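All chains, full assembly: derive it from the sequences and hints.
The lines below spell out each chain.
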Amino acid sequence: MDDIWQPIWLSIRLATVTTAFLLVLGAPLAWWLARSPRRWKEAVAAIVAMPLVLPPTVLGFYLLLALGPDGPAQYLNGHGLAFTFEGLVIGSIIYSLPFVVQPIRNAFEAFGEKPLEAAATLGAGPWDRFWHVALPLARPGILTGAVLGFAHTIGEFGVVLMIGGDIPGETRVLSIAIYDYVETLQWRKAHLLAGGMVAFAFIVVLAVLLLNRRPARQVASA
Amino acid sequence: MSGQIDAAFEGALGDFRLDTTFTAAMSGVTALFGPSGSGKTTVLRCIAGLTRMQGRLSVNGREWQGAEAFMPAHQRPVGYVFQDANLFPHLTVAGNLNFAAKRSGKRANGDSPAIDFDETVSLLGLGPLMQRMPAALSGGERQRVAIGRALLSRPQVLLMDEPLSGLDQAAKADILPYLERLTDTLAIPVLYVSHDIGEVARLADHMVLLNSGRAVASGTIGDMLERLDLGLLVEPFEESVLATAEVTGHDPKYRLTRLTCCGQPLTIPEADLGIGETVRLRIRARDVALATKRPEGISIRNILEGHIAEISAAPGAAHAETLVDINGARLRARITLEALADLELTVGAPVFALVKSVTFDGRSIAQKQTG
Chain B
1 MDDIWQPIWL SIRLATVTTA FLLVLGAPLA WWLARSPRRW KEAVAAIVAM PLVLPPTVLG
61 FYLLLALGPD GPAQYLNGHG LAFTFEGLVI GSIIYSLPFV VQPIRNAFEA FGEKPLEAAA
121 TLGAGPWDRF WHVALPLARP GILTGAVLGF AHTIGEFGVV LMIGGDIPGE TRVLSIAIYD
181 YVETLQWRKA HLLAGGMVAF AFIVVLAVLL LNRRPARQVA SA
Chain D
1001 MSGQIDAAFE GALGDFRLDT TFTAAMSGVT ALFGPSGSGK TTVLRCIAGL TRMQGRLSVN
1061 GREWQGAEAF MPAHQRPVGY VFQDANLFPH LTVAGNLNFA AKRSGKRANG DSPAIDFDET
1121 VSLLGLGPLM QRMPAALSGG ERQRVAIGRA LLSRPQVLLM DEPLSGLDQA AKADILPYLE
1181 RLTDTLAIPV LYVSHDIGEV ARLADHMVLL NSGRAVASGT IGDMLERLDL GLLVEPFEES
1241 VLATAEVTGH DPKYRLTRLT CCGQPLTIPE ADLGIGETVR LRIRARDVAL ATKRPEGISI
1301 RNILEGHIAE ISAAPGAAHA ETLVDINGAR LRARITLEAL ADLELTVGAP VFALVKSVTF
1361 DGRSIAQKQT G
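Chains B and D supply the protein sequences, listed in that same order. 1 is the number of the first residue of the first sequence in our numbering; add one for each residue after it. 1001 is the number of the first residue of the second sequence in our numbering; add one for each residue after it.
Hints are computed from structural coordinates only; laboratory data are not their basis. Predicted model only: the values in this text are computed from it and were never measured. Glycine residues also receive a C-beta, built at the ideal position from the N, C-alpha and C atoms. Be aware that a few hints might be false.
Said to hold, decoys possible - Here are the simulated lysine-lysine pairs, DSS-like style, with alpha carbons at most 30 Å apart:
| # | chain 1 | residue 1 | chain 2 | residue 2 |
| --- | --- | --- | --- | --- |
| 1 | B | K114 | D | K1106 |
| 2 | B | K114 | D | K1293 |
| 3 | B | K41 | B | K114 |
| 4 | D | K1356 | D | K1293 |
| 5 | D | K1356 | D | K1253 |
To be verified - Have a look at the derived ranges for each label pair, beta carbon to beta carbon:
| # | chain 1 | residue 1 | chain 2 | residue 2 | range |
| --- | --- | --- | --- | --- | --- |
| 6 | D | R1062 | B | L52 | 48 to 54 Å |
| 7 | B | W9 | D | E1119 | 57 to 63 Å |
| 8 | D | N1098 | B | G112 | 19 to 25 Å |
| 9 | D | D1116 | B | R213 | 40 to 46 Å |
| 10 | B | A46 | D | E1068 | 33 to 39 Å |
| 11 | B | R139 | D | E1068 | 51 to 57 Å |
| 12 | D | D1272 | B | R213 | 45 to 51 Å |
| 13 | B | P72 | D | T1021 | 57 to 63 Å |
| 14 | D | D1015 | B | L76 | 38 to 44 Å |
Stated by the list, open to error - Simulated coverage check for chain D against chain B, where a stretch passes if three residues somewhere in it have a Cβ under 8 Å from a Cβ of chain B:
| # | stretch |
| --- | --- |
| 15 | 1096 to 1103 |
| 16 | 1147 to 1157 |
This is the structure:
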């Protein structure tokens, strides 16, 4: 039974690392998308959102070229990042980026200019305003983004298969393991993992719904 | 020049054009007054650096905006009270106040007066509210917190954008005394945007009059209210002047307060004022009648003796505006053209100005002297 825990831990590790990177990258990107006056920012927004509509195999194919031994990633370490955990992290960040950026951008846009103007007249510079006004006000959106980014990374399959393959302990994540167990007719293990994912998905969706309801309730009780 | 605000802004926001130049003293309360759409708020936002327009701005001799220079909003030592309070919804009242206090040392405000945290809290009556969230406050309470927050940032000048306009009459009456106390006790100059002449007459020392994006006149509040040529910019029934009066006594039997105004007795409904205190009274033109002889057997208690200083009649109007000089102080009286002709009133003619006592209420009495 020990071998079903390995893909679970690998998926959780991958999702945790990916989500951490996504928040660090996604929050400033969402801030820029929400506030920049530039018209071409929507082109950037469209690029960020493309993984939503692209087949994962297409994304995975180009990532494989980029991360492979002949792609740009070779300059990082000489042999590229295909079929490594690091490669999976990079692929997952790109694949899950829209799920993090969109809710955070919405949250930044929702509270508008006014609290930031108040902060500016009280002596808060741009960085101070971002940290102490924008981020706290966007907290529900950030939490939603984090939960969605984490869950989406846990569930990814196509991109992982293309760039990571099926190396136990390195790239053999949950969804790949389920596929393997089914292929090799190990129904019991497939059931355990698949059933666990169903429960996990329910908890995630419920968490997102509750997160998004909270601000409304705060106002109502006031 | 130091000790004042020198401003000139020019630009367009959609259909609206602003092209205004004015100076305001860095002392007391200066009202930016005008009808809605006259550009008052835009001017205030330009001073705070929240809106950027072409122009120049210097405050106390320091350039905040020039041909190329533009000091960003967070470096300008201003306090800004927004029309809708605009508190941080994620912080308690204490959190909102601390946000300002923590950053108060950062700006170029070396010569702005020190503000004591506890004193501000008690001055504005914020003690019981400290742990509440903004969403759990009434409109008046929110605005008091916003004023406290702006003060605690230790500004050189306090900018207030119609701080009372979103409040109902009761909340306004509740907050006005705080504003009066504040402007009297703190040495922070205030720029006060309003379209309510009653509020302005009560609080302001100076006035800059704006119309269609231009500053059309400025001066002390007393002089500005006496100018008959500016009449059309004020609600026609709200034209008024300010008179300074000293409290001489109370009459508990008839519930009256007696005062001396320009050396002559004046009676108003009983007000909570100390004997010897000097107050500012707002007397509206429509509440003053004129007589050429001292009337007898009349219910009007206040009969002030003086002479006509100025007469003006708008073309096509049925009434004339007159300015009556009473030992140096001035009252405005609005009378019909017929009355003007019947009484043969001309500039210099001696008259008696009649003011009904009951026309004075809390809104027209301020414990503040005219500037």
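Tested hints:
Distance check on the hinted pair: K114/B and K1106/D sit about 22 Å apart at the alpha-carbon level, within 30 Å; holds. Between K114/B and K1293/D the CA atoms are separated by roughly 60 Å; this puts the pair beyond 30 Å, and the hint is violated. Restraint check: the Cα-Cα separation between K41/B and K114/B comes to about 22 Å, which is no more than 30 Å; the hinted pair holds. At most 30 Å may separate the alpha-carbon atoms for a hinted pair to count; K1356/D and K1293/D meet this at roughly 17 Å.
Proposed proximity of K1356/D and K1253/D is supported: the alpha carbons are some 19 Å apart, at most 30 Å. Roughly 52 Å separates the CB atoms of R1062/D and L52/B, a value that falls within the hinted 48 to 54 Å. Taken as a hint, the range 57 to 63 Å holds for the pair W9/B and E1119/D, whose Cβ atoms sit roughly 59 Å apart. Look at N1098/D against G112/B: about 23 Å separates their beta carbons, and that is inside 19 to 25 Å.
Under the hint 40 to 46 Å, the C-beta atoms of D1116/D and R213/B, about 42 Å apart, fit the expected range. A46/B and E1068/D have their C-beta atoms about 36 Å apart, which keeps the hinted 33 to 39 Å range intact. Evaluation of the 51 to 57 Å hint for R139/B and E1068/D yields a failure: the beta carbon distance comes to about 39 Å. For the pair D1272/D and R213/B, the supplied restraint of 45 to 51 Å holds, since their beta-carbon distance comes to about 50 Å.
Taking 57 to 63 Å as the suggested C-beta distance range, the pair P72/B and T1021/D conforms, at roughly 59 Å. Under the hint 38 to 44 Å, the C-beta atoms of D1015/D and L76/B, about 56 Å apart, miss the expected range. Coverage of the stretch 1096 to 1103 of chain D by chain B holds in this model, with 3 residues showing a Cβ closer than 8 Å to a Cβ of that chain against a need of three. Chain B is given as covering the stretch 1147 to 1157 of chain D, and this holds because 3 residues of the stretch bring a CB closer than 8 Å to a CB of that chain, at least three being needed.
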